[in-house]
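Asks: Okay, here's what each chain looks like letter by letter:
2 protein chains.
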Amino acid sequence: MSSAAATLSEIVRAAGSHVPRLLGLVEQRLKTLAAGHGPVLAAHAGDTIAAGGKRMRPLLVLLAAGPQAAREPELIAAAASVELIHSATLVHDDVLDGAHLRRGVPTIWAQGGRALAVATGDLLFSRAFSELTAAGSLPAVRSLSRATSALAEGELLQRQDAWNAAVPIERYLLRCELKTARLFEAACELGAQVARLTDAQIAELGSFGRAIGLAFQLLDDVIDVAGPASLTGKQRGADLLDGTVTLPLILARERDAQLAALDLRTITTPEQAEELCARIERTDALAEARARALRVVAEAKCRLDALPLEAGQRQALKLVGDSVADRTA
Amino acid sequence: MSSAAATLSEIVRAAGSHVPRLLGLVEQRLKTLAAGHGPVLAAHAGDTIAAGGKRMRPLLVLLAAGPQAAREPELIAAAASVELIHSATLVHDDVLDGAHLRRGVPTIWAQGGRALAVATGDLLFSRAFSELTAAGSLPAVRSLSRATSALAEGELLQRQDAWNAAVPIERYLLRCELKTARLFEAACELGAQVARLTDAQIAELGSFGRAIGLAFQLLDDVIDVAGPASLTGKQRGADLLDGTVTLPLILARERDAQLAALDLRTITTPEQAEELCARIERTDALAEARARALRVVAEAKCRLDALPLEAGQRQALKLVGDSVADRTA
Chain A
1 MSSAAATLSE IVRAAGSHVP RLLGLVEQRL KTLAAGHGPV LAAHAGDTIA
51 AGGKRMRPLL VLLAAGPQAA REPELIAAAA SVELIHSATL VHDDVLDGAH
101 LRRGVPTIWA QGGRALAVAT GDLLFSRAFS ELTAAGSLPA VRSLSRATSA
151 LAEGELLQRQ DAWNAAVPIE RYLLRCELKT ARLFEAACEL GAQVARLTDA
201 QIAELGSFGR AIGLAFQLLD DVIDVAGPAS LTGKQRGADL LDGTVTLPLI
251 LARERDAQLA ALDLRTITTP EQAEELCARI ERTDALAEAR ARALRVVAEA
301 KCRLDALPLE AGQRQALKLV GDSVADRTA
Chain B
1 MSSAAATLSE IVRAAGSHVP RLLGLVEQRL KTLAAGHGPV LAAHAGDTIA
51 AGGKRMRPLL VLLAAGPQAA REPELIAAAA SVELIHSATL VHDDVLDGAH
101 LRRGVPTIWA QGGRALAVAT GDLLFSRAFS ELTAAGSLPA VRSLSRATSA
151 LAEGELLQRQ DAWNAAVPIE RYLLRCELKT ARLFEAACEL GAQVARLTDA
201 QIAELGSFGR AIGLAFQLLD DVIDVAGPAS LTGKQRGADL LDGTVTLPLI
251 LARERDAQLA ALDLRTITTP EQAEELCARI ERTDALAEAR ARALRVVAEA
301 KCRLDALPLE AGQRQALKLV GDSVADRTA
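The listed protein sequences derive, respectively, from chains A and B. Reminder that position 11 of the first sequence reads as 11 in our numbering, one-by-one numbering, no gaps. Reminder that position 72 of the second sequence reads as 72 in our numbering, one-by-one numbering, no gaps.
Keep in mind that the hints are not guaranteed to be accurate.
[As the list claims (entries may be wrong)] A short list of chain B residues far from chain A (calculated; beta carbon distances all over 12 Å):
#, residue
1, Ser-145
2, Ile-223
3, Lys-234
4, Gln-258
5, Glu-274
[Said to hold, decoys possible] Computed footprint of chain B on chain A; a stretch qualifies when at least three of its residues, placed anywhere within it, have a C-beta under 8 Å from a C-beta of chain B:
#, segment
6, 65-79
7, 255-266
8, 298-306
To be clear, the hints were calculated from the coordinates, so they are not data collected in a lab. Computed from a predicted model, the values in this text were never measured in an experiment. Glycine included, C-beta positions come from ideal geometry on N, C-alpha and C.
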């Protein structure tokens, strides 16, 4: 937490004081949107949005746009809408996973049940499109709807791949792209659209976002195996217990014949998961997966040099890349 | 089924042969969209869309637009998108209700589980927005996002009201509006937008759709209590067993002190539900609820007279109203 805060202050130092001010306005807007549908939604959606975390996606929208005084309402709407979509997917994911806690807060699913959680997710989802449409940009709606289609497809692929330890690496990477990278891409596209960049430049900033999102997911999957629980607040190997096969196991299977022969369904207790994680770690798969993520971030940062950004804005976007690369929990 | 078919042929006779041709194109487009995301989705979403029923919402889009040869792609996209949203809500409703069958076909939830069904619903939802955005109309996206927000809000209210037999009639009507009427409204708005009517006329056609949608839901709720199961294919009083309090019970409670004192949670078997339905029927609540729905349809039909529609188009829209009023299963 303190390291993330330090990074944010560095980012602000690079990008300018408009960033924390705009992030504050996005926060207010999200609160207003959550409160605008009666007390039940306010309680549940408000909690979810409040517990939503680091606001990486809205931050990317703001940084990709740069200071846009004349178009602030459009920018705030874009930043709020990507966070609403992110919140919606968290709410639905908690239903899918039967998760009781998220960031230490009881999930909507745990508090109010499946029906409340599915409907709350649907509402957050719809509100995101309303918000963006009210701001009046069709290309923005297009970017967001492409990203939300991808999110759902990624979720479907992940369910299809469940318990399949032999899943090919390309398929795993496609899942990461659909489930995570595309919304990061949309965030950067939305910001670049507000800044009225050319289509080619919008696509290029989008590719930066996509790469950062991919790295974010790769490292998320490393952290699941690396732990420790004391730092992450989660059971080590939680994904594996769920049947979700990620890069560390995919790489480790190539190096350890016993792992290659493993039937994931036999791993059912936290102790077994812990032991499996330790075995994966001994193959050096975690280091390799981490190295792959760092390469992706480095390449993404290079992309920024060709874009017509202000020096501080470029620096701030690179720092977001660094903050993704540095994450350990 | 044969009565509905007869009505469709009457509607076509009034509106013109472009209607069945365009409905065919909408059908094709829906199939393409369902098939465009790999075999898993194609199997599940394809089944859902195919089992989706009467295509009332796309029909309303087409009829509200009238023949629009120059803007057919926009019209098809609008009609397909409302049906995709409708399909998405069916898929999610089946998760919420734990429903095994829909129109005699196993639900996605029953076939593939909660996760697959939530993700499939989310994908259909996203595809609807992509489809509409690709057709390039921001007002259309606005109409649809308003409707989808309403759908989710209605679902939330219904869960909040569950088992509360003393729910006020105004609250019940609000739920019907949110859950059903607003998507009918959006369908008519979308058609009117394609026809480039004025904002006032678009709103007026929207109000027609909203009224038809309200009547549709009122009669749906009457049919749940009226049965018989041999005609509807569903347990009589299925809503009551679910804790969903609808107009027949609300009206019957005003006339029957024993019903007013009833705790709905004590109704747990099909036999008890059947008995409760018979008791509601004896209060004449079903006739009153039906009469209310017919009044709503009659008023809606009157609205059409002030609009600049072709005679055949107006007649066809009125026939849709009649088909809603006539429904018995």
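Asks: Of the hints given before, which are not true for this structure?
Replies: 1, 6, 7, 8
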